[in-house]
Each structure stands twice: as structure tokens, then as C-alpha cells.
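J.: So you can see what is in the structure, the chains are spelled out below.
There are 2 protein chains.
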Amino acid sequence: MAPVHCRATHRQLLTHTSERFVESNQPNGHSAFESPEVSPAAERLRYILNEDDDMPTPTLFTEMDTLQREGDELEWKESARWVKFEEKVEEGGERWSKPHVSTLSLHSLFELRTCLQTGTVLLDLDGYSLPQIVDDIIERQIEEGMISPDLREKISFVLLRKHRHQTKKPIHRSLADIGKSSSASECLCYLSDSVTTRSMNDIADSPSTDQLKNKFMKKIPRDAEASNVLIGEVDFLNKPFVAFVRLAQATTLGGLTEVPVPTRFLFVLLGPQGKAKSYNEIGRAIATLMVDDLFSDVAYKARDREDLIAGIDEFLDEVIVLPPGEWDPKIRIEPPKKVTSADKRKSVFSLNELGQMNGTAGGGGGLAEDEEMPVQHELGEELAFTGRFCGGLYRDIKRKLPWLPSDFYEGFHIQTISAVLFIYLGCITNAITFGGLLGDATDNYQGVMESFLGTALAGSVFCLFGGQPLIILSSTGPILIFEKLLFDFSKNNNIDYMELRLWIGIHSCLQCFILVATDASYIIKYMTRFTEEGFSSLISFIFISDAIKKMVGSFKYYPINTDFKPDYVTAYKCECLAPDPSENQSEVLETLDWSQLSKKECLKYGGSLVGRSCKYVPDLALMSFILFFGTYSMTITLKKFKFSRYFPTKVRKKLISDFSIFMSIMTFVGLDMLIGLKTPKLIVPTEFKPTRPDRGWIVMPFGKNPWWVYLASFVPALLVTILIFMDQQISAVIVNRKENKLKKGCGYHLDLFWVGILMAACSFMGLPWYVAATVISIAHIDSLKMESESSAPGEQPQFLGVREQRLTGILVFVLTGVSIFLAPILKFIPMPVLYGVFLYMGVASLSGIQFWDRIKLYMMPSKHQPDFSYLRHVPLRRVHLFTFIQILCLTVLWILKSTFLAIIFPVMILGLMVVRKMLDMVFSQHDLAWLDDLLPEKEKKKKEDDKKKGKDKDKDKKKSKGDDSEEECSFIEYFLHRNTNPEPAVCAELPLELFMLN
Amino acid sequence: MAPVHCRATHRQLLTHTSERFVESNQPNGHSAFESPEVSPAAERLRYILNEDDDMPTPTLFTEMDTLQREGDELEWKESARWVKFEEKVEEGGERWSKPHVSTLSLHSLFELRTCLQTGTVLLDLDGYSLPQIVDDIIERQIEEGMISPDLREKISFVLLRKHRHQTKKPIHRSLADIGKSSSASECLCYLSDSVTTRSMNDIADSPSTDQLKNKFMKKIPRDAEASNVLIGEVDFLNKPFVAFVRLAQATTLGGLTEVPVPTRFLFVLLGPQGKAKSYNEIGRAIATLMVDDLFSDVAYKARDREDLIAGIDEFLDEVIVLPPGEWDPKIRIEPPKKVTSADKRKSVFSLNELGQMNGTAGGGGGLAEDEEMPVQHELGEELAFTGRFCGGLYRDIKRKLPWLPSDFYEGFHIQTISAVLFIYLGCITNAITFGGLLGDATDNYQGVMESFLGTALAGSVFCLFGGQPLIILSSTGPILIFEKLLFDFSKNNNIDYMELRLWIGIHSCLQCFILVATDASYIIKYMTRFTEEGFSSLISFIFISDAIKKMVGSFKYYPINTDFKPDYVTAYKCECLAPDPSENQSEVLETLDWSQLSKKECLKYGGSLVGRSCKYVPDLALMSFILFFGTYSMTITLKKFKFSRYFPTKVRKKLISDFSIFMSIMTFVGLDMLIGLKTPKLIVPTEFKPTRPDRGWIVMPFGKNPWWVYLASFVPALLVTILIFMDQQISAVIVNRKENKLKKGCGYHLDLFWVGILMAACSFMGLPWYVAATVISIAHIDSLKMESESSAPGEQPQFLGVREQRLTGILVFVLTGVSIFLAPILKFIPMPVLYGVFLYMGVASLSGIQFWDRIKLYMMPSKHQPDFSYLRHVPLRRVHLFTFIQILCLTVLWILKSTFLAIIFPVMILGLMVVRKMLDMVFSQHDLAWLDDLLPEKEKKKKEDDKKKGKDKDKDKKKSKGDDSEEECSFIEYFLHRNTNPEPAVCAELPLELFMLN
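The listed protein sequences correspond, in order, to chains A and B. Heads up: the first sequence begins at 1 in the UniProt record's numbering, then just goes up one per residue. Heads up: the second sequence begins at 1 in the UniProt record's numbering, then just goes up one per residue.
Next comes chain A alone, as it looks inside the complex:
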């Protein structure tokens, strides 16, 4: 039906396109089976892409316009655009579709290939305006005899029609118009008399205000250039008119492009009537190619038509094919989270790997075996053993000092406010809780006041000078237990508690200095994911269980009268009865009106409370529960709101998600005020004085205890030091995890140095001791996470890292310090709301822990399990076994924690490290590499092996794996091996490591 045009079944195209290859190969049947490692297309590409690789090509923005009839006039209407993914103008919807992966038909790609082979290709055309460019194209076609000269006017007229972009406010179009618009068939008027009087050129020369105002501009990189695809159906042609133009200089061609981006490429396809859909598909194909990283490079550097064709061929070689029976082409595919980087694809052409590439491209589900082992746990030089006195500390300071200015100015950001509020609330809750407990434990030698002051002092000093200012210092459980035992000991042995404590602090501080000077922190290299996650899960569980315990406690504190019958309200009262008058010695008491006394007064004066309502408190327990659970679930819900579809991204992320905790707290404080019940509120001390009146702000080192106590306190100090060292450094490892993408490096030695100094300082002032708090530190990091403003539409925002600075920490602790003056505001916050925040912190810090993911796997049938990479590589039962061992370890630790052994709790982490070392005997190194990290010695060897591998890369991988197999032999194998082989092989060194830590 349609005569000569650029469309054909792809088989015919194959025939045509492949003729050139026939030339370079023997034409007999079997020759195709010979496989030269490099195809001619790849050879071409390698040549042009390597030419001058130092100059990166600009990003391309592609716009596709189709010829439409709008009323009586023809115009080019924008129908799709690409920055990286396709956005289509919805037919009828008059709006942009969501960005999606361009699904093409193989057919259109082949047709495009033919079009480029037969059409006009003008490379490096000097173009300054569209009319001139159009003239040049037509001239060339006439020269080559492809069109007859009498079409010049008509084609030029059509190509210079005005462009309507989707940004313009759409005019109301009736349905009948839509029916006609996509075909210009009825309008034969463009060269009639009435029209020729008009200007041939609807295109303006300078960018319009519409273009300049377009907000879409910010989605396009600054250096971007445009490629314009023009697709139209006309009735005066009987074969397609195709042109591919690359301009010598990117030029702004008036209103051609939606955004004021200069045009570099122009693809024109005008064809005879009746194949609009097919032309559209060809247009989408070239547009998709133009935004392909590799092809756009080729397009910029192509020397001739053949280079472009080679580019298409390479593209075809890499495409991923979906079978028609398994996928509905109508489904728009959401952009993936991650795509193969362009560099990786390009690199193929600089190495001698072309042959291999063909085999690996687009393997899809079959490619898993290609994946490398996970990247090793990198601790970097921070933990290298320097062997010099204070070598680590010196390096830490050297590393952190240059960042100091940015540590402040980078803190000026709106996110800081939400982070400070969140962490501040966590800190004062912690300070109050631990203050209360310490007060109980030490007979108020250290109370809430000391707790506030100490937190403020230690925290702000650490954040100001510490190596890792994202760490938040706080009181922790083990310290509390130590203080309790110490106080009891001093009381029973008539030793002055505060003075003893001061000496322990001094000793401990000195011991810390020794650890710093000897770079002792390097041993935490042996802490792998197993240990880290075990520790942090345990701390999270403690947070959760504490929050719940506190909540349950309020049901005990405010007992509910479950027997209350509304009708018998008359039967409930609580009267204060005066004590038996016979025993009454004081006259004052007789004058008392006993019925007017409050409960406390009554008991104080020896009265007794009689009545059925005395031991009950109505409403408060239930209200507390509502506040507690409400705060928790609202925070969780608001956090998840980030993933919902409502509201613009900014509102959702910056406002609702970042301030979710603040909003939840405000909501439930508001609810509490509205209802007005006397729920337990946050009470902070309002006067600046020690909790216990008989102590001052400075503890004197001498005078109260015998001299030998000063020396003997070395022993308990040792325990405190180990405790502090473990607690501090393991939290630091968790904070410094590579997942957090910290850029400013860490400072384990510097951290420990300041913790030591603060130990001594706090001891002198009689304040509690402080050490890194895992959960609050994680919360701190979480609240400071940055995500990229996604550039191309459809691209997933990337996690960029954490806003590393000292300002949030300092502000939090300064606020904690001045909280004493904030009492009038803080007193409105009910405690259950804060317990809810605690619960949230505990739960939130569990998420993202692989251990927790693995526990969940127990409850999932294997076919529903998420596609974790380790599940592709490690048998499920091994994964379960690993998880089970971890659970077992944590259970043992949990039980120990509940006994008096809690004092050595952080030391038990060493136990976890030993268990991890023993796991080497149960699991193969391959499994451990996926589930955990390899231990350092291994790692070094691994790197060497990697280097070796790098060299052997071109050789058969399977074979080189076989050669490297010593790296993967497990202990069991080693022992088996030793039994049969008198000479231990490469595995021999391993047992030494095993016992190194014991």
C-alpha cells in the first residue's frame, strides 16, 4: 500500500544492513561461525572513543516533536522528552507521564538503522539558524538526487512551523480536533495562495520567555546540549525524508526546544501518509539512542555515517530483550534504582575485552554468577598500627584539623534544626532517666542536676574537639551499675565515695592515655559486622525493653481500679483517719482537720487512709499508654510518609519526614494539654546547685581516705577503662561504618583521648562519667543524612552521605545545659511521650541491620524472601545457622546483662569477637564474605589476590579461581588437608590467628 519509505520488516532490513559485513567475511555458510574477537563496529568505536578521551561530552537533552494540525495551521507539538528516561506527553491527558524506561521495538531500531544508512547525514554543519540549517539539508538531498527540487518549498515550509511545547497552557481542544490533529491529511493548504503571503518561518530567533521561565531547566545539567527529533507525516512525499545533523557549534535555535538549551543534534523524519505510528517509534528510538551514554559519545565523535551505524550496532549488542509473552509492552517500567555506569560500558572499548563483552551483555537473570564477592570491610589507615608513640593520635589530629572550619559552616542548614531538636529530646530524656537512677544508686551524690551538667559539659567538649563529632556522649548502663556497686562498697567499708571515685577517674584517664599512645585502638579491626551488629542490636533491644518497662511501670504506679462500677460511685472514697487518739502525743495533730489533708500529709502525720479508692489512680495509666503508643506510631507513620505519593517531595521529605519526631511530640503534648490530665511530666531542676546539699562542685583529691586507696583504685580503674574503651570504640565503629559514607574520616585515638580527659574532669567535679551512646549516635547520623536532589527525572535520589559537622552536637549539649532555664516550657512534656520517642529510637536503630533482616527470613517462606545478594550466594540453611548463632550469642549476653555480670558487659563484646573467630571453622570464607566481613589478615591476602586477578583478568576466570582456592579454604578443610598431607600448604598460617585473640 504505502510506496517507497523507510519502513520494512526487520528481516529485510537485516538483509540490507548486513551486506557490508558480507564484504569483510567469507560469504560461505560456515564463515559466520568463525568468531574474530573484535567486530568491525566495535573496532570503529574503539578508535573514535579513544581519540581524545579527556574531554567529556555534554549531557544531551532530547525533545521529540511531531507534526500536528492545530486548527488550520500545522505546528510541531512536543510529544516526548528525555533527560535520561522518557517522559511522554499523555495523549489527551495534556500532561507529562512519569519518567519511565523507554521500551523500544526491535523493529524500530532496525528501521532507524536503515534511515541513517539511506538518509542525509550532515556532521559538523555550520548552523546559526533553523532556516539556514533546513536549507542546507534540503540542498544536500537535492544534490544527492533523493528528492526532486520542487519539494524544496514544501519541506522547508513544514520544517519551519512553530513549535508548541508542553509547558504552554493548553488551549481547550475538542475531541473532534484530536481526531484530526495527528494527521495533517485534510490540510493541503500549506502552499495555497492564502498562505504563501505569510512568512515561511514561524520560528523565533531568540528564546521566548516561556523557555526561560521553564522550571524544568533545573533538572537539566548546566552543560547540557539539546538534540531535537522532528517526526511528521505529510502528503506530498512518497518516500521518507530523513536527515541527521550535528552542528559544529551548539546553537540556540529559537523556540525549537522547550528549554533554553542550545541544540547540537537534529534528526528529521518526514514520511508519506499512513505510517505515523511507525515514524513515532523511529523517533523514540533515535531519541533513546541520543540519551544513551555510549551512543551520545559516538554521536559527538562520529567521523561519518558508518560510525553512527556502528554506534547503533553496539547499542543493539547490549540491549536487553524481554519476551513478548512474559511482558506487556503497555506497562511503563519505572526507572531502576541503579544502572550500569556509562564509564563501565565505555571502558570496554579501551581494554582489550571486546570479545568477552558480547558474551556478558544483557544476560539478565543469568548473570548472577558474574558478581564479584562483596567489597571488603575497609577500615583504612585510621586503624593502622603506627608503632610510634602517639602515632595514631598525631595522624588523627592531622586528619581532622583541615576539616575544622567546614565542621562549622556546613552546619548551617535547615536539617540541623530538626536534628538538634530530636537529639536534644533524646539527650535530656536520657539525662533525666540516668540522673534519677544514679541519684537512687548513690544516695543523691550524683543526681539529675549533675547528670544535666555533666552531659552538657562532656558532650559539648567532645563535639568541639573529638575525632568523630557525630558521636553523642551519654551515661550508659554499665557505668550506672559500676557506680552502684562502688557506692555500696564505699559505704560498707567507710571509704569516702567521691574521693575514691575521683582517684578511679584519674587512674582511668591515665590508662586511656596509655591506650592512645600505644595505638591500642587498632585491635577493633577485628570487629566485623557480626560483632558490630550483635552489639548494636543488643543496645537497641535494651532501649526497646526499657521503654516498654517504663510504660508498664506506669500501670503499676497508677493502678487502675478495675472493679469500679459507675453506678456505685458512692461507694468509692478515700478518707484520712486520724491515728488512735490514745497514742496521740502531739497537740498540733489534734487541731488538724484530718478530712482536709492530702494523701501525703495524712501519711506524714501518721493518719491512715481508709476507703476503696485509696490505692487507685484513675485515667493516668491509660492516658500514658495512649501518649506513649501514639507518639511511637505517629512517628513511625510520618517517617514512612516519605515514601507516599502525597504532597511535593520537598514537603514530604524536608518537613514531614525530617520533623516527624518533633511533630509527633508536639501533637501528643497538645493532646495531653487538651485533655488536661495530670500525666507525669518532664521535670528538670531549676536551680543550679548540687543535688545533695552537703557536697560542692569540686571534689578534693586528698584527705578523706587512707593513702593506699589512691593506689589501689588502679584496679577498679582498669575495669572502667576496658568498659569505656569497648563501649566507646564499638559505637565509633558503628558510626564510622562505610554505609554512612563519611568523608571526613574518623579519629578513634583522638576520641579516646578526650573521653579520658573528660573522665578526669567529671571525676573532679563529681559528675557522672560519659561514653559514646550507640543508639543516640545512630539517631544523630540518621537525622543528618543527605540525599541528592535527583537530577534527571526518574533518577532515584542517591544517599550522598551525612552532614558531618560539629554544630548539631554542640547545640544539643548547650541546649541541654540551658535546659535548667527552659523548665517552664519543658514541664509540659509528658514522660510517656518521651518513652515513645525512646521506643522509636530503639526500633529505628534496628532497621537497616542485616542481622535483623536475617531474623525476619526465618518467618518467610523462601519464595517470598527479598532478593538479598547474600541469598543468591549462600545456601539458606547456612544463613539460618549464622543467624541462629548470633541469636544464641545475644541471648547469652542478655542473660548475663541481667545479672551482676552486667558490669563487664562491654568486655563481653570481646567474647563476641572470639565467637566470630571461631565461626571461621564452621563457615567457609566465601559464606562469611557474604554474611559478614573477612578478618583483617585475610583481607590483606585478598587484596594481593585481587591484584593478581586483575592481571589475569583476561584469562578464564574459572581457572584463576581454581588457582586462588587457598584463599577460600576453611579451617575444616585445612585440618582435613593436614591429615592427608604431611606438608601444610598455604592454609597453615591460619591457626595462629585463631588463637591470637584469646
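To give a feel for the contact side, a few chain B residues facing chain A, derived at Cβ under 8 Å:
id: 1; residue: E90
id: 2; residue: P329
id: 3; residue: V617
id: 4; residue: I626
Honestly, the hints are just simulated from the structure, not real lab data. Using N, Cα and C, we set each Cβ at its ideal position, and we do this for glycine too.
Given chain A, work out where chain B should sit, using these hints.
T.: Relative to chain A, chain B alone:
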């Protein structure tokens, strides 16, 4: 490097494969541009696929085994399988991957094409055992000179190695083994002396127990046959050994296949060393082709090699291509919800549309314009106006009668239990609520007892005999208001209420009969989505607001003492003071111990309550709130649990999701019992007697009112009839929606007939009147929804329809009837729990309503909006306008409902229908077709147009749209048209319709 083999760059393959096409076309460049409508490949396919289309080909199960070395032995290890989607054996994971779409490389498809062109193709081979088949293949290759005869033994040995399937318990393999296993290179021993003594054949003849026990069998259709793909790398070949075998009869070839399914196809690819990955990809390609609906048909019917090649070519023509830069091939694509059906794809070959097909295939995002307008709202013959006396009723009975037996036996299913429990609880809550309200309104002439009895009677009769037994009858708001007004009227005018009510019932019953006899129900054809969704949203909002109102009410009923200070518990009491003795006349009162009296007693005897706790009730309000909100949110959470990954599908769906309401109720009843507070409980009457002692169970028609009342009651009866008619039929329309996929048809006339009879019956017994309850009926349908047990792994379960039967309804109402005896159990259920269930019902019935989805669009920025099909076709501002009009209508209705006009509430639905009719003037028919349904007249015309279109299908679509444009002209256009054109065109008939309903 590798010598002759079946691998090549695809460009070379193109060269080779396309040679044959060169023959059939002129060999000059331009000839490829000529487009014959039918390609040779398609011609071939059309021929073979049309041969005998009556015999469907069996489903194919494909298993791919690769040659591996296990210890010292070679064996075939299953590496992937396909039922419809691909499941891969995870490398190292020793488990099946999730089913995913097979992403292939274009390269592997071209290589496969070459393999089939050059390898051995044996069609309809008589095969009875694997050794014989293998012998035949080798013999053929030797005959054709493709391999040398001395390879016979080696190839045969390799091909007959034992097959290890993934079902077998994996033995522990060390890493070193894995490194070696995928290549058989080291093992050169298979023909050494030690081995030749062994049997050549590891393959068993009969299916093993492993095969028979395989649970996977149930995922494979009964008639399935297997295709086996064997891929291996060996060192004795220097070019690939390829064979494609189709057996004459499907034969079980021992342990070849994982499941005991007979093998029909066998594809063997043995190749030289070093290209394992490439061979694997070819294997995946043929396996994917074998499960492709179209290609498997071709494979079954192919006459020769060329047919198979043509099949591949057609497959290639339809594939969907993803650009390499926009998609990471490592991502496994989840199976889509819906794929193009095989029939649709095949139908192309039976029609004369081959040319068109090439253009439409795989257009992806660009295909939207191809979509047809949504399928019209089909009401079918049920609502046709018969024009005969009782014609509709007769048809209803004729339609429903054959289903009667299945209406019972299909009810025996576990799902029935959960549905009955859910609906039962909804019904009794409703019965109690409305019973209580009716009791108040009618001075206990109709109370809870009557409500229970009436519900049970009306409901069970309707479910037994009604046209649509899924409809649940219940008291509704408008009826309640009518009764209230009627009672007040009778009281004020000294008319006997019960007798008047009886006569109204009789009249209304007769009027219903008239409506039934005249097929009046046909008018609900004019009810479109706009009206339906408006009505059901309104009812849902009423449910939600009622539930919340009840909850808020309990805060008023149990006021909280917000001033309570725990310490001043002594100040709270409530004492009963005796009235002033001077006024005290009774002696009895003097003997009373006033302090021992309950609140009620105290007030009864004239005492006064004094004290600060008198007007407060502790804990109950908050506890009620916890129960209410807890039940609601737990139900929501459990319902969503269906979509989680935990637990096997059966447990999640059948147990947790289906019984979510029951489980929530049980949980919170348990919590309530545990805490033991006196929350308000469900109280059902325990004695079978009328609520008001002075009335009996039968109302006498005569004697109490003057005679004219009997006639005059015709007028209020008319209101009741309209009210009942609208309420009943609109609920029926909602229940019968085509989304519910009901198969047994509906019975509007029959429904109305029984509602009429029940009206009369209830009036005689003095019971409330009943009519279809929208929300509970929707809940009923939801609880009976069936989903397919998904057959192929990865296929989405399909919504099959609703378990249509009468059993659940009958059981619900029988249970309601016997609830009087269940009082001891029911009394444990707190009312707030039931209000929570109410809230859930209201919210759940909102979900899935398009109107609700559209409201949510207001809050979403357009780029985050879901891909609703109407958004692709209707401009967003038109969608918003439509939604806004709907909101406006509902607001007006809501306001009217809150006034005395509530009595004519269902009549107002007529108003909605008028508004809908007027929308024809505001929106184009195109927009309305997407957002709503077209009104019936249009529909008929549309169908005719469709027929016309069908004929014109081959012509240019755009043009035929232009011709049909009258169908799409809106009223505005019509009026515009009339102003300019004295002769109204096709649109002229429309205005008549517009006023038809007014």
C-alpha cells in the same frame, strides 16, 4: 581463540541468516524499502498455525540442565526451569530464585537462530528412551558429516550422564569444588579405562520417587509436556554439537526431568571449552522461546527447520527492547500483573493484519494512543424492559432457578466461616444500634428484640429466595427517620401507630408489586459510576461518622475528671445525702442507710449526690478509645498482612487476612477481659417477647383507626416505596458491579418482589422494615472474594469472582435469630470493639472506589500520581473538575441528610442522576467514558459505531475517527453547531434525552 563454534557477533549472524531473504527480494539497496504487507516468515506461520487450530497444544514445562563435574563424575545439573517465567538455581544459594521475566540478550537469540540453522533438527522422531534418541541424533550428525564417527562414544557418554535436580537435597560442596565444577576441563577421564567398565548410561527408565514426590508438580498443568534443554562444555569438540528434537509422542525419559512429565522436545548444545556463559545464554533463549505461547505452537506444528526459524523471527519481531543505559540487566524483573494473551497474539495470524502487526509490536510507552476507550458499563438483559406483565420477574426466576442447588453446595468452604462471623457481627451490631434507636423513636413499640427478630426473619427469607442472595438486608437510616416522624404524627393525632404502619406496609407492598410487574427497575440503567460511587461513598462516610460519633459519645457518657490530682485522692468522693427531712413524707426512706445506696437508688429515693467525683467515671472512656482504635487499626494491619512476605501464602491469606476482623475482635475482647474494666458491653435480649409488654406478635389490621386512614396511608406508602426502591436497587447495582465478576446473574425484579413481601410480613408482625444495606453487602462480597491459586510460578493470582451462594447469608441470619440464646457469650464483647468494626467497614468500603482515588489526586503532585488509565486520557484539570462536582453533590446531600429532608434521602439519588445527565453538557463523551460510564442511549449507538469500526479496522484509524466524530460531540458543540448551521446534524437527538429524566 575458540575455533569453529556456534557463536558469532550478531552482525555476522545477520549476514548469514538474511541471505535467504536476499533471494526473495531484489538485491539492490532500495528494494529493502519496499514493504510487502506479509513477510515470508509470517506467511509460513500463518499457514502452519491455521492448519488445525481446533487442537490446543499442551503447556510446556522447560528444564535447562548444564553439564557439571561433581567430584570425579560428570553430571547434568538443573540450572533453571520455566513454567511461564524463569526460575533459576541460585549459584551457591542452592535454591530457586523468585520467578522472573527472562531477560535475554539479543545476541543469544541470534546465536540460537544460527544454531537451529546449522544444527540437527529432528521432527517427530520416534523416541522411547534417551539412549535411543541420543543414538539417533548422533547417527544423523555423522550422516550429515557434521561430526566424525569417532566422537560417537564420547558424545553419547556425556549425554547419558545422570541428572541432578534442584529438588534433591544438596550435598555440602566446598568452595574449591564450586570453582571447578562449572567446567569439566580437568576431567579428561570419561573415556579412560577405569570408566569404560562402567555403564554408559546413568539414566533410569522409570520416574524416580524424587520425581513423583515433587510438590512442584501442582504448579504444572495436568496436560503439560516437558522440553529439556541440555547445555554443556566439553573438551573433545572443536565446533558445537547442536540438536533440536521433537518426539512423535511425549515420552517419560527416566530422570531427565525434575517432575514426572513426559518429554516432547529436546534441545542439546555441546560446545568446545571456554564459552560456557555464551552457551548458557543460548540455552536460556531456547528455553524462553519454548514457553512462549506463540513459539511453542510453532514448535508443535513446525514441518521443517524453516518453520522454526520463522518462529524465532516472529518472536524477534515482537520482543521488547530495553536500552542498556536505562536498565541494569542484573535486576530481575518481577512478572507483570497482566500480559498480552496468547490468543490475541495468535489471532494476528488468522486475520489479514500481518502488515499492521509489525507496526504495533513492542511500542512500549508509545503505545498508549492505541488503547481503546474503556469497556462500556454492561447491564445486560437483566434490566431490559420486556414490555410484558411480570416479564422481568419471570426472567429473573428463570435465570436464578438453575443455580439453586449450587447456591448451597458452593457454600461449603472454609472461607464461609470467616465471612459468616464477620457479617454476623456487623449485623447484630446494626440490629442492636438500630433497635436501640427505634426503641427510643417509637416508645419501644419496636425495640432491640423486634430488631433482632426482624433482621433474622427478613434476612433469611431474602437470602433463601431473593434474586441476589449476596445482598444483606438491614435497617437503614431513612427508614428510621420515617418511623420516627410517623410515630410522632400518630401520637399527636391519636391514630394507632401500629395499625397505621401495617396499612402503609400493605400499600407499599402492593406498590412494589406494581413496580415489579411493570419492570420499573429498568430505570436504574441510568445509574452510572457517578451515581453509584456518590451513593456508596456517602453511605461509607455516614458509617465512619457514626462510628466516630459513638466513640466521642462515650467520652461524654463517661466523663473524665481532668482535675484529678493523685495526691488529693482524699478530696474525691460522692456521697448520697438524704433529702431534706422536713419534706420527707415516707417512713421507708427514714430507715434507709443513705450512705449505702448506689447512685441510681439514691436518685430514685430523692437523695442528692454530693462530692467531687460524682459526675466522673474513671478509665472507661480511655479504655473504650483504646479498644475502638485498637480493633480498627489491628484489622487494617492484618488485612494488609496479605501483602507482606511473612509466612506461607495460605496462612497469610486464608488465615490472617480472611479472619483479620475475627482475630482483632478476639484480641481486644481478650484485652478487655484481662483488664476487667466495666466497659459498655453488647447486651442482647435474652427472653423472647416483645419489647413493649402491651403489644403482641401480630398486629390486627382493623379496629383501632377510622376507615379513611386505611386508604389515606397510600400517600405515605408511596414515599416509603420510592425510598425502598432506590435504597434497594442502588445497593443491588453496586453489588452487581462488573468488577465483582458475578456469574450467576442478578435479579432486580425478584429482589424487589421479596422486599415487598417482607414489608407486608414485617408490618403484620410489628417488626421494622428492611432493605438492602450497602456497606454490609459490600463487606459480604469482599469477604467472599476468590483468587486463583496461581498456576505458573510468578503468575499473579487472578481475582476469579465471588463465592456466590445463599449459605453465608442464611447462616448469618439464623445466627442472628439464635443470638438471643448466645447472650452469655456475646455479653463479653465491648461495644467500642464493635464500633471499631463499624469504622473498618466504612473505611474498607471506600477503598477501591474511583471517586476516592480521584480525591486523593488533589493532594498529589502530578508527577507522583499513579498511572490510572483515565489520567493518560483526560486532562488533569478535567479530572479535578469532575471530582469537585462530585464532592459538591455529596456535600449538598450530606447537609440535606442532616435536616428533616433525610427522609427523602434515597430520592435525592435521583437528583444525582440528573446532575450526571447535565454533566454531558460540561464534559465531552470521551472524558466521561474514561471517568464515568456513558448513558445507555449513547451506549447503543456506540455499539453500532463499534461494529462499523470493526469493518473499517484495516483502514486508517484516524480517518474513521474523524467520520465517527458525531458520537463524540458534546452538548456545547451541539449548541455551537446549531447556531451556525440551520440543520441540526446527528447530535440533534441528544437534547431529548437530557430532559427525559426531569
